[in-house]
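*Asks:* Here is what each chain is made of, one letter per residue.
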Amino acid sequence: MIRFIIVFFLVASSLTVKGQEYNTAFHIGWNTLVPFSDKDFTGGTSTAGIRVGYSKFVGDRFGFGFEGGYSTMDDYVAPTTYEYPGGAITTDIYNYLYYFTLTANGHYYLSQGKRFISYTSLGMGVSFSEYKIFYNVYQENDQNTGFVIRPEIGTLFKVKENSGFGLKAALGFDYATNRSDYFETKNFSGLNFQLGFVLLSR
Amino acid sequence: MRRIVIVILIVVGIAGCAREPEVADLVKYMLVQTDYDLEEISEDENIFNDYSTFVLRQDTLGFVSTYTIDSILLDEPGTRIDFVNALIEKVGTHAAERGFERVEDNENPDFAIKIVVLENFSSFQTVSYPGYYSGYYGYYGGYYGPIVSTYSSNFVTLVIEVVDIKNYAANGNKYKVVWSAYIGDLLTTYDRKNKILYAVDQAFEQSPYFSKN
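Chain order of the listed sequences is Y and R. Quick note on numbering: the first sequence equals residues 3 to 204 in my numbering. Quick note on numbering: the second sequence equals residues 11 to 223 in my numbering.
Because the hints were derived from the structure by calculation, they are not lab data. Just so you know, even glycine gets a beta-carbon here, dropped at the ideal spot from N, CA and C. Some hints could be false.
To be verified - Covered, in the sense of this in silico footprint (three residues per stretch, anywhere, with C-beta under 8 Å from a C-beta of chain R), are these stretches of chain Y:
| no. | stretch |
| --- | --- |
| 1 | 44 to 54 |
| 2 | 86 to 99 |
| 3 | 129 to 142 |
What the hints assert, rightly or not - Restraint-style ranges between C-beta atoms, simulated for each label pair:
| no. | chain 1 | residue 1 | chain 2 | residue 2 | range |
| --- | --- | --- | --- | --- | --- |
| 4 | R | Val-17 | Y | Asp-183 | 52 to 58 Å |
| 5 | R | Asn-130 | Y | Pro-81 | 25 to 31 Å |
| 6 | R | Ala-180 | Y | Lys-41 | 49 to 55 Å |
| 7 | Y | Phe-28 | R | Leu-197 | 28 to 34 Å |
| 8 | R | Asp-115 | Y | Val-79 | 41 to 47 Å |
| 9 | R | Lys-222 | Y | Asp-183 | 41 to 47 Å |
| 10 | Y | Ala-80 | R | Glu-117 | 39 to 45 Å |
| 11 | Y | Glu-163 | R | Tyr-200 | 56 to 62 Å |
Unchecked claim - Here are the simulated lysine to aspartate or glutamate pairs, DMTMM-like style, with alpha carbons at most 25 Å apart:
| no. | chain 1 | residue 1 | chain 2 | residue 2 |
| --- | --- | --- | --- | --- |
| 12 | Y | Lys-188 | R | Glu-30 |
| 13 | R | Lys-38 | R | Glu-86 |
| 14 | R | Lys-222 | R | Glu-49 |
| 15 | R | Lys-38 | Y | Asp-76 |
| 16 | R | Lys-205 | R | Glu-107 |
| 17 | Y | Lys-134 | R | Asp-195 |
| 18 | R | Lys-205 | Y | Glu-154 |
| 19 | R | Lys-222 | Y | Asp-76 |
| 20 | Y | Lys-41 | R | Glu-32 |
| 21 | R | Lys-100 | Y | Asp-94 |
Isolated chain Y, as found in the complex:
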């Protein structure tokens, strides 16, 4: 899958470069997140994510913008007995991590072709996370705010050559300083894959 995505981006990037056509781009997409950290808490791949962003083109090669992202990761731990000094507790647990990011992004456009606009970007900003566990009707949570950095590579695909409507695909990596001492988790990191729509304006 990852190999396919890389080949896809390379092909997109090799298309003929055309002069700057657009001024701004708005995108909204579905985000899949593969956490690398604390998989015991967050579980595996999460498809419950959304990304919304706005970009402004500056010349043929550069751009900047901002983006908001929201993903939920979860995991289920079957009934287990946990012992502690003076007692024990038996329960099943639902772990949830709600992860919200707000970043400012700088873009470098590898090419602006007839149909493809491929780019690399670096986003930095603030990340809010809420670690929450549910057991029976009871719940505990821990919230914190951190710093996130997100390198990304992606492409925009116009459905028609002169259309302002297109699709967006991007692959990125999140590293956030968010961690929960209460739940003993480490700084958050994960690979994300975004697929969505883009509206380009001249």
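Could you slot chain R onto chain Y? The hints should help.
*Replies:* Relative to the frame of chain Y, chain R by itself:
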């Protein structure tokens, strides 16, 4: 039009991400917590070895609620309160299997097993007497009184406690709780009776020290 579609997409997307587990899944298993007195039960000593007999009320459970002044629960066939007798028998059977003999009140039992249902108990938390029965909430007095002191809940919780009668004088004329089990939530669960009985089994299973040698 385009803006409306965008806003709808954002709202739907965020709503789709902000999910929580279903209540039906959450209450599939009851939570079972057991605590014991570290002063009385350790690797070196176990107060249960000093006990031989216990007393356990028949037919009634203690009941403490912020919604009603009722202080006991009785089986009410055909309603959701159909677990009282089965629960009492289950607890008595477990204690007997652990080597203790069930006796009557007037036969000088070594310990009492109290079973209390707490409903929306959080407002009672302002007064607590950790580990000892205060008599403050006594609904039928003596060592049967609810001794809950460390638990806070807006839900319905079943509490089972072992009260040391044998060492009443040695404990400064107080009834000391040496073991507690908290089982919840009784309100939201379905198949309540069977889940309670299963939870009681689990409470004893995770308390192997609750045994006479």
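*Asks:* Hint by hint, note whether the structure agrees.
*Replies:* Each hint tested on the structure:
no. : hint                              : result
1   : 44 to 54                          : holds (count 4)
2   : 86 to 99                          : holds (count 10)
3   : 129 to 142                        : holds (count 5)
4   : Val-17/R - Asp-183/Y: 52 to 58 Å  : violated, 38 Å
5   : Asn-130/R - Pro-81/Y: 25 to 31 Å  : holds, 26 Å
6   : Ala-180/R - Lys-41/Y: 49 to 55 Å  : holds, 51 Å
7   : Phe-28/Y - Leu-197/R: 28 to 34 Å  : violated, 47 Å
8   : Asp-115/R - Val-79/Y: 41 to 47 Å  : holds, 43 Å
9   : Lys-222/R - Asp-183/Y: 41 to 47 Å : holds, 42 Å
10  : Ala-80/Y - Glu-117/R: 39 to 45 Å  : holds, 44 Å
11  : Glu-163/Y - Tyr-200/R: 56 to 62 Å : holds, 59 Å
12  : Lys-188/Y - Glu-30/R              : holds, 23 Å
13  : Lys-38/R - Glu-86/R               : holds, 24 Å
14  : Lys-222/R - Glu-49/R              : holds, 17 Å
15  : Lys-38/R - Asp-76/Y               : holds, 18 Å
16  : Lys-205/R - Glu-107/R             : holds, 21 Å
17  : Lys-134/Y - Asp-195/R             : holds, 19 Å
18  : Lys-205/R - Glu-154/Y             : violated, 50 Å
19  : Lys-222/R - Asp-76/Y              : violated, 43 Å
20  : Lys-41/Y - Glu-32/R               : holds, 22 Å
21  : Lys-100/R - Asp-94/Y              : holds, 23 Å
Consistency note: the structure conflicts with the earlier hints numbered 4, 7, 18 and 19.
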